[in-house]
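Both chains are sitting in their own frames, so use the hints and assemble them into the complex.
From first to last, the protein sequence lines stand for chains A and B. Read in UniProt numbering, the first sequence has 40 at position 40, and its numbers run on one by one without any break. Read in UniProt numbering, the second sequence has 77 at position 77, and its numbers run on one by one without any break.
Read the hints as simulated data drawn from the structure, not as lab findings. Honestly, I wouldn't trust all of these hints.
[To be verified] Quick list of simulated restraints, FRET-style, between CB atoms:
| # | chain 1 | residue 1 | chain 2 | residue 2 | range |
| --- | --- | --- | --- | --- | --- |
| 1 | A | G30 | B | S137 | 35 to 41 Å |
| 2 | A | G30 | B | H30 | 47 to 53 Å |
| 3 | B | Y135 | A | G30 | 20 to 26 Å |
| 4 | A | K48 | B | E66 | 22 to 28 Å |
| 5 | A | E16 | B | I153 | 34 to 40 Å |
| 6 | B | H30 | A | S31 | 24 to 30 Å |
| 7 | B | E66 | A | N57 | 28 to 34 Å |
| 8 | A | E36 | B | K50 | 38 to 44 Å |
| 9 | B | P112 | A | M60 | 39 to 45 Å |
| 10 | A | G30 | B | K117 | 42 to 48 Å |
| 11 | B | E48 | A | K9 | 20 to 26 Å |
| 12 | A | G30 | B | M138 | 48 to 54 Å |
| 13 | B | E65 | A | E22 | 27 to 33 Å |
| 14 | B | K50 | A | K9 | 17 to 23 Å |
A virtual CB, placed ideally from N, CA and C, is assigned to each residue, including glycine.
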Amino acid sequence: MAPQRKKKKMPKVCHECHKVVEGEVCMSCGSSNLTEDWAGYLIIIDPKHSAIAERMNIDMPGRYALKVR
Amino acid sequence: MHMTEETETRIFAVKTTAKQERAVADGIYHAVTMDPSFKVTAVISPDELKGYVLVETLEPVARIEELIESVPSARTVVPGETSLAEMGHYLVPKPVVSGIDEGTIVELIAGPFKGEKAVVKRVDSSKEEITVELYESMVPIPITVRGDNVRVIDRGES
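Bound conformation, chain B alone (with noise of 0.2 Å):
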């Protein structure tokens, strides 16, 4: 008979409300050290994943939906377990000025000048900061702003 201990994990979604993921992470957390006997190896909870925490477990389905009914905001485990080459993405973020290059016409969303429309002039990958020239203002001054602080309309030619 095949005695070994299982150590393969799955790692399951648990969705949650809105902008409460660091929560439920923490509150899922605070769970498995008040209770033990749930093997859970391990929480994320990436930027880009908005609504969902991902539970790594040696625990089947059942159990984690058992565990997450006295985690606040943790609302359903989804169901299919989902495996580390899928998720290992979000384990190594990307810069936010990737896709980003000289001439890409951006929005900026954020700060003083939320709305205008901008031509990026630089981009500094390593502070993950961009340098634009705002469309439609008669004189070109430049502004850095921060990388995440725009969304791109148009690559240009590529």
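Only chain A is shown next, with the shape it has when bound in the complex (with noise of 0.2 Å):
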């Protein structure tokens, strides 16, 4: 028999900053409300001169995800 495939984990996201998470509670926003249900990822590394961070109002650099179910 094939060995069963092993599903890719998703990380957490916290439901109120939508920022990835390590572990069980949000660092940035002290939340423990985290879904695995997310979908589109966006990264900033530099605030202070990214449009993008501009238009999503993020002013911290980190990992994010588009939309949280």
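Below is the structure:
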């Protein structure tokens, strides 16, 4: 029998600030309201010079989800 | 002479291996943190855009080509740049149930009823769920499914 393929684990995303979270609590807003059901991936590296960060009202660098369910 | 700092960002599309969009975005992020001389300000991988990631940068296209050489699964930079106005709609994803109304005929594309056709009876846009009744079922049984688990076949009269 072929070995069962392991499903890729989705990182969790904070419901409040849409930030991709490592662990069980969001580091930026302290919320533990996390979900694995999200879509669209956005990485802000330099929020000061990024027009996308300005449009999304993000002032902290980091990894974000565009859509959280 | 014009000596002000260049603040205008450009957006380039990078072609990726299928289903590796997020890995490529992470790879670019990693490469930029390793070598901060690359002035990349943001990387976006919208769910709707399969096979590409968008890179917002202050650099010309040649520097992005140089950058993605070290990123696994990143293939080429698409010639030409895009603008925020052109890709801005990816930043505000529309609800998956938009375009689905009561009476719409849909096909279920996931779950135990995959492949079955059904009529939409109710749409819950806040939960992004729809309630359908299977077309070929003898007794009408309402089934609630996620909005992204269906494909619209016929929108009916508009």
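key: Contradicted hints - numbers only   = 1, 2, 3, 8
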